[in-house]
Amino acid sequence: MTLKLALPSNKELYGKSVEFFGDAGIDINAKGRSLRASIDGLKNATALLQRSADIPNNVDNGNVDLGIVGLDRYLESADPSGDSVIIIKDLGFAECKLEIAVPEVWIDVTSIYDVADLSVIFRRQGDELRIATKYPNLTQNFLYEHGINYFTLLAAAGAMEAAPLMGYADAITDIVETGNTMRENHLKLLTDGTILESKAVLIGNTRSLTKIDSEDGSFSELLSIFKKSSIKYEEVLKASNDHGNGR
Amino acid sequence: MNRETIKGVKGFDEVFDKNYSVKSRIADMLMNKFSNWGYMRVEAPLFESTELFLRKSGGELASRLYRLKDSSVGDVSVRPEFTSSVIRSLIGQGLDNKWPRRVLYSGSVYRRPLGDAADEKETMQVGVELLGSEGLLGDSEIMSMVLAGLETFSINKAIVKVNNLEILFKLLDSFNLSDRAKIFIMANLEALKKDSLQSGIDELWIKAQKEGLVLRDGKRIESDEREDDSTSSVRQRLSEMADIWIGRRSPTQVEKRYIDKFDTDQDPTVFNEALNFMGKFVELRGSGTQVIKGAEGILDGHGISSKLLENLKDLVTMLDSISLRSEIDFEWDMGFAPGLSYYSGLVFQITTDGQNRSPICVGGRYDGLTKALGGVDFPALGFAYSVDSLLSSLTSEQIQTIIASDRNQNRTVVVQPWNDSDISESIRWGEHLRAEDENIVVILGGFVGNQKLAREYAISVDADELIFIDGKDRQSALLKRDV
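Protein chains in written order, with our numbering: chain A, 1 to 247; chain B, 1 to 483.
No lab work stands behind these hints, which were simulated from the structure alone.
Hints should not be assumed to be uniformly reliable.
Which chain A residues stay away from chain B? Per the calculated CB distances, all over 10 Å, these [what the hints assert, rightly or not]:
#, residue
1, V18
2, E19
3, S38
4, I39
5, R124
6, T152
7, G167
8, D170
9, G179
Computed list of lysine to any residue pairs in SDA-like fashion (alpha-carbon distance at most 20 Å, straight line) [unchecked claim]:
#, chain 1, residue 1, chain 2, residue 2
10, B, K7, A, N61
11, B, K256, A, I121
12, B, K371, A, D127
13, A, K89, A, H146
14, B, K182, A, H146
15, B, K170, B, K182
16, B, K33, B, E51
Even for Gly, the Cβ is constructed at its ideal location relative to N, Cα and C.
Take the sequences, apply the hints, and build the full model.
In structure tokens, the structure reads:
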């Protein structure tokens, strides 16, 4: 069996991923526009370039054994009862935050507790606070944790910042790196509205990795390479008689 | 080539569930019972828009939904309950408040287990919704039906826990609390039911500060935010922002809340008093009379008029009169507050005193839900029996009675051809028996020339009778004494 590693096809993230493995002595090379890349320095392994959004599910399903993905994407879309787990918690790149932003003109709103208050006001008026997001699961959990029960999440793709401008949503949650795009669109961040501090992580399917490792030890070999390079990782191999779900 | 056997998904019903026939019979019995009250049978879709369930139950159900996104149907979830679908559908039909609507349903619901992965993920429910019946009238009908459900299975040792959430909200209105503070207290009643009232209050006090409900260190809002919060100054600031105004809130709404935010911080003394009051109130439990007596004492101690208890007294009287007609007593528990995001008045749940503690029936009044789901404001209430919980709470004698009642309707006969040449005569006999008795079940036996296997098979399908067809001769073997 071949150990399959999914890498983000996005040019910048792909470059950083290659750099990460390169620092550990594993060379990854994709030729031209090929979505397959060769791996030198690790036996029986191949790399596949995939859309970041697809990687968590592909690892969950066992279509690939390992994947590099943003923590935000992983926590948002991985199946909670699936077989995927995080192996390396911080690869040192793709740092960003998932934040709640509200119209700058809402001078009465500075914290998540103001948003909680607003949700009650909307509800009392027979309406619901509308929040546009590409991250419904993470957003929903964050709101519930802060005692906000009355809201409607609107699935949105693309330019999220335009949603309040169009009157489509009251607030948004989105990935923020510098905050410039938010400011340019007259949105402001809350003082305590960080939903998640994200970075690139290495994830793996415990079931398929256990199977592969029992056949040729290629995953253990990868872990020993990480160890030599002082890269911290989580122990994820299952005991041979453990057939339950991961996580 | 060896291939792994594919197993059924744990927690979901198996195709050959040994309990299926009993569960199905229980569901039929409940459906028949409730149809006698004029309830119309409906079928709900398996999938609904996820937003529908979230709007109904908010955070309570979100983590329990089996949710999927598909390009053809969008963000949908497998039904975790029926009420939302019923209400949505009625709203779609143009729900008006001219006549009450009575709806009856049964089927499986699907929820992710809470914590313990061994929990069932699929359970069978039978439930009713009564829309358009206000106050005591609707409450009486629903509670009578709930008890009728218990009587169907001769259950007389159930605990029917009841409360009225409306009274809790009304009592909180006696304190000068913000809406958020009221919702916070209602959502945290469990914390107040600790061994020591003070430890519950302390816990909630810290939580309230963390959530920005009450002042922390004497301040809620940073001082630099409130440099100039006079109305004229706020208006000036907002008018300067007119060019960049976005969102659905108007400048007036923002201005009002901005001023309110600084002027009406929750008074910690009032908040503390409300916590103290509710801490004592939610400890009240027992018979209706006991609860009323205790409530009057607590209200008196806090200087609150006992007139607020009038509706509660009416409900107690009504439930007492219903309970007189059955062997079941109602147990009032003023701290029992399930489904706060949609229940608005009477709430109840039934458990039995056996080993199984999960409720066999839950329900209540949800007057605001039709509006929250996009319809007109409409009084509504309902309940759902969990067939699985009901089955596990029944004694073996009660289960045998249910099976026997089913058998009365379906006598099972196996018709076994003696030789191959007897097959067509056997089929003809089966048709004859079915024509004579529409409730009979006739199975064609498959063991030509083997009496022993034919008999064993007939017993395995719980047949009442085995008939051998040999030419024109028939030999009948009664397998059960009561045939």
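Tell me, which hint numbers fail for this structure?
-> Hints 5, 6, 7, 8, 13 and 16 are the ones this structure does not satisfy, whereas the remaining hints hold.
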